[in-house]
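2 protein chains.
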Amino acid sequence: MDQTTNTQSVGAVEPRKAQFSKPLALKCGATLASYELAYEMYGTLNADKSNAVLVCHALNASHHVAGYYAHAPADVGWWDNIIGPGKPLDTNRFCVIGVNNLGGCFGSTGPSSVNPATRQPWGADFPLVTVEDWVDTQAGLADQLGIARFAAVMGGSLGAMQALSWTIQYPDRIGHALIIACAPNLSAQNIAFNEVARQAIITDPDFHGGHYYSHGTRPTRGLRVARMVGHITYLSDDEMASKFGRQLRHGRLSYTFGVEFEIESYLSHQADKFADYFDANTYLRITKALDYFDPAAAHGGNLSLALEPATASFLVVSFTTDWRFSPERSREIIKALLDNRRAVTYAEIDAPHGHDAFLLDDARYHGLVAAYFNRISAELAA
Amino acid sequence: MDQTTNTQSVGAVEPRKAQFSKPLALKCGATLASYELAYEMYGTLNADKSNAVLVCHALNASHHVAGYYAHAPADVGWWDNIIGPGKPLDTNRFCVIGVNNLGGCFGSTGPSSVNPATRQPWGADFPLVTVEDWVDTQAGLADQLGIARFAAVMGGSLGAMQALSWTIQYPDRIGHALIIACAPNLSAQNIAFNEVARQAIITDPDFHGGHYYSHGTRPTRGLRVARMVGHITYLSDDEMASKFGRQLRHGRLSYTFGVEFEIESYLSHQADKFADYFDANTYLRITKALDYFDPAAAHGGNLSLALEPATASFLVVSFTTDWRFSPERSREIIKALLDNRRAVTYAEIDAPHGHDAFLLDDARYHGLVAAYFNRISAELAA
Numbered sequence: 078m079d080q081t082t083n084t085q086s087v088g089a090v091e092p093r094k095a096q097f098s099k100p101l102a103l104k105c106g107a108t109l110a111s112y113e114l115a116y117e118m119y120g121t122l123n124a125d126k127s128n129a130v131l132v133c134h135a136l137n138a139s140h141h142v143a144g145y146y147a148h149a150p151a152d153v154g155w156w157d158n159i160i161g162p163g164k165p166l167d168t169n170r171f172c173v174i175g176v177n178n179l180g181g182c183f184g185s186t187g188p189s190s191v192n193p194a195t196r197q198p199w200g201a202d203f204p205l206v207t208v209e210d211w212v213d214t215q216a217g218l219a220d221q222l223g224i225a226r227f228a229a230v231m232g233g234s235l236g237a238m239q240a241l242s243w244t245i246q247y248p249d250r251i252g253h254a255l256i257i258a259c260a261p262n263l264s265a266q267n268i269a270f271n272e273v274a275r276q277a278i279i280t281d282p283d284f285h286g287g288h289y290y291s292h293g294t295r296p297t298r299g300l301r302v303a304r305m306v307g308h309i310t311y312l313s314d315d316e317m318a319s320k321f322g323r324q325l326r327h328g329r330l331s332y333t334f335g336v337e338f339e340i341e342s343y344l345s346h347q348a349d350k351f352a353d354y355f356d357a358n359t360y361l362r363i364t365k366a367l368d369y370f371d372p373a374a375a376h377g378g379n380l381s382l383a384l385e386p387a388t389a390s391f392l393v394v395s396f397t398t399d400w401r402f403s404p405e406r407s408r409e410i411i412k413a414l415l416d417n418r419r420a421v422t423y424a425e426i427d428a429p430h431g432h433d434a435f436l437l438d439d440a441r442y443h444g445l446v447a448a449y450f451n452r453i454s455a456e457l458a459a
Numbered sequence: 078m079d080q081t082t083n084t085q086s087v088g089a090v091e092p093r094k095a096q097f098s099k100p101l102a103l104k105c106g107a108t109l110a111s112y113e114l115a116y117e118m119y120g121t122l123n124a125d126k127s128n129a130v131l132v133c134h135a136l137n138a139s140h141h142v143a144g145y146y147a148h149a150p151a152d153v154g155w156w157d158n159i160i161g162p163g164k165p166l167d168t169n170r171f172c173v174i175g176v177n178n179l180g181g182c183f184g185s186t187g188p189s190s191v192n193p194a195t196r197q198p199w200g201a202d203f204p205l206v207t208v209e210d211w212v213d214t215q216a217g218l219a220d221q222l223g224i225a226r227f228a229a230v231m232g233g234s235l236g237a238m239q240a241l242s243w244t245i246q247y248p249d250r251i252g253h254a255l256i257i258a259c260a261p262n263l264s265a266q267n268i269a270f271n272e273v274a275r276q277a278i279i280t281d282p283d284f285h286g287g288h289y290y291s292h293g294t295r296p297t298r299g300l301r302v303a304r305m306v307g308h309i310t311y312l313s314d315d316e317m318a319s320k321f322g323r324q325l326r327h328g329r330l331s332y333t334f335g336v337e338f339e340i341e342s343y344l345s346h347q348a349d350k351f352a353d354y355f356d357a358n359t360y361l362r363i364t365k366a367l368d369y370f371d372p373a374a375a376h377g378g379n380l381s382l383a384l385e386p387a388t389a390s391f392l393v394v395s396f397t398t399d400w401r402f403s404p405e406r407s408r409e410i411i412k413a414l415l416d417n418r419r420a421v422t423y424a425e426i427d428a429p430h431g432h433d434a435f436l437l438d439d440a441r442y443h444g445l446v447a448a449y450f451n452r453i454s455a456e457l458a459a
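If you're matching them up, the sequences are chains A and B in order. Counting along the first sequence from 1, when you hit position 328 you're at 405 in our numbering, and nothing is skipped either side. Counting along the second sequence from 1, when you hit position 132 you're at 209 in our numbering, and nothing is skipped either side.
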């Protein structure tokens with residue numbers, strides 16, 4: 078669709094920057110003296126600033142959540158199918174905010190930013206950041222924007238972990254949490270896949286211990302392998318079978334190590350694209366933030382205790398073929414919320430797409446999100 | 078257990094070599110002028126040589142199937158728990174043969190062998206080999222040993238693909254096929270994981286296009302990543318969760334990229350071990366043999382047609398938590414065999430271990446294999 082004539086698009090958008098000069102104490106023990114966050118806003122903040130919805134991003138996304146850039150109309154926000162005028166998260170009613178997470182590579186302070194102490198890129202010296210740190214910086218942004226309380230915080234996958242953490246860290250500042258394709262922590266298998274990706278990057282000779290900016294190199298080989306292994310976990314086995322099966326790229330086997338099967342071609346293409354736009358140091362840190370997230374850990378593994386402070390209402394959505402964060406993992410969250418007698422709506426969407434389903438346009442899923450936001454609208458109007 | 082006093086062990090064994098000087102036409106189009114195969118034999122071949130059982134190996138194993146080496150008592154055969162005097166595959170009754178596949182790195186001619194044409198290691202010039210090629214060479218070995226017909230051919234995973242291919246390629250030379258933890262071909266997801274492993278190896282600067290022997294290097298970094306990603310697919314999610322969970326190696330997070338979780342330590346250890354003993358060019362070829370195997374392809378995808386020539390009786394075993402080759406994939410084989418009215422016994426073993434279950438000592442699984450070999454014994458005696 079030509080985005081300039083898409084009436085359901087928020088239209089041309091512009092990224093903004095917020096500066097923070099108050100030192101930020103990170104969970105890892107380091108302190109950032111100052112930092113900035115790139116963000117975008119769509120829709121209009123109402124008079125009492127009660128209609129703001131924060132949308133948190135997952136692994137490879139950014140603050141560019143919806144709309145397009147005037148200079149690059151094809152650069153459409155990563156969740157544009159769900160956010161816009163008349164869409165499930167309706168920008169005619171809500172003011173939507175997207176933030177590039179701290180440590181990112183799309184405008185917020187991160188490993189490729191200049192370290193004021195050395196006037197060189199941070200590289201390996203940029204601290205490891207956590208979901209909790211991200212939520213703290215997002216709360217700081219809300220302060221700057223005068224938003225005392227979000228009507229909702231919404232995310233999928235790692236984005237949903239941030240929404241979940243919001244309910245624990247700032248229970249008074251969030252009305253609703255939309256927790257989509259999430260898990261209360263990573264399983265051993267999840268961590269294992271992340272570690273494969275990290276090892277591929279770290280052992281790439283072009284990585285130079287994370288200081289590759291000053292070597293004029295990029296660990297492209299490692300980043301490619303990291304993306305390939307990640308990508309496999311985002312799709313369901315069935316989806317891969319129906320999309321690619323054993324189809325050959327050139328009609329017959331070549332008996333070489335070049336591309337033979339369509340699935341190889343697809344992965345190679347995804348790997349190239351990703352290695353071209355994403356920063357390896359950011360990727361490493363995001364996988365670590367995923368591994369570390371575990372709100373129950375501080376409560377002896379008891380998620381119900383961890384969620385006791387949460388007062389928000391919840392929409393939790395999982396997808397049947399998601400084997401990265403299976404419905405079973407969402408049900409752990411549901412159980413913990415019910416243990417605390419919290420208001421929670423849960424839906425398990427029968428979708429073939431695997432983990433990536435949260436990004437796709439599925440009528441039942443989008444209908445559910447639309448209905449949930451209608452309910453939030455009605456509450457705000459009451 | 079001290080192998081030298083293990084009465085159920087075949088005891089100290091010695092590898093043998095078989096030379097082949099008749100040119101071998103490979104499926105890829107290349108011809109090998111000559112080659113040798115490393116193999117081992119346990120038990121005694123009876124007078125009419127009707128009690129031979131061929132055991133085919135999977136990805137990283139070898140001809141060293143059972144027993145131990147006198148000079149290295151800890152080097153126990155990879156399937157020693159199922160093969161030996163009084164064990165399910167009883168060497169008091171059967172003569173068991175294990176062969177290192179062509180292209181291997183444990184004694185059979187492979188990429189690290191000397192290419193007679195150049196007097197240098199073959200390296201990248203060693204042709205790509207297939208399951209069908211392996212079966213041809215195994216039949217050649219049987220010829221040398223005077224074995225007209227195997228009582229059974231048995232394998233797990235890729236080894237089972239060889240057993241399955243035996244029933245199609247040499248239906249008159251195989252009495253029974255034991256097809257354990259197998260699939261009739263790789264799924265797109267299976268191929269994708271193999272491709273990640275290959276890309277990790279091929280893009281390692283120490284790979285030198287496969288000619289690393291002459292550069293005095295080894296693509297250890299790539300081989301490590303390849304092994305890690307492979308290993309994840311051999312274990313079930315549940316098994317990983319119960320073995321490692323989110324347990325920390327040093328009790329607390331370090332906020333570094335070093336080993337933090339036990340699962341990372343385990344994978345790293347496995348990767349080190351593997352990179353130490355396995356050859357990367359062999360690994361690449363074995364993953365390709367897996368990708369290529371697809372007996373139905375020559376019959377428009379119809380596995381029933383592909384198995385029409387098979388006259389063997391079958392034992393097919395799958396494991397409930399095997400997500401690499403799930404029970405569903407074994408059932409495809411069962412259906413094709415039933416379409417051809419073949420004698421087939423099928424068991425789905427409820428085991429928590431994932432794909433690796435075929436290598437483990439599970440009473441129900443081993444009891445089944447023992448019972449099946451008792452039946453073969455009875456047939457031979459009749």
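Mixed in with the good hints, there may be bad ones.
Said to hold, decoys possible - Think about it this way: if two alpha-carbon atoms lie no more than 20 Å apart in a straight line, the pair counts; the simulated EDC-like pairs of lysine to aspartate or glutamate are: (1) A/K104 <-> A/D213; (2) B/K320 <-> A/D213; (3) B/K104 <-> B/D371; (4) A/K320 <-> B/D371; (5) A/K94 <-> A/D220; (6) B/K320 <-> B/D438.
Quick caveat, the hints were computed from the structure, so don't treat them as lab data.
Hint check:
no. : hint              : verdict
1   : A/K104 <-> A/D213 : holds, 10 Å
2   : B/K320 <-> A/D213 : violated, 34 Å
3   : B/K104 <-> B/D371 : holds, 13 Å
4   : A/K320 <-> B/D371 : holds, 19 Å
5   : A/K94 <-> A/D220  : holds, 14 Å
6   : B/K320 <-> B/D438 : holds, 17 Å
Hint violations for this structure: number 2 only, all remaining hints satisfied.
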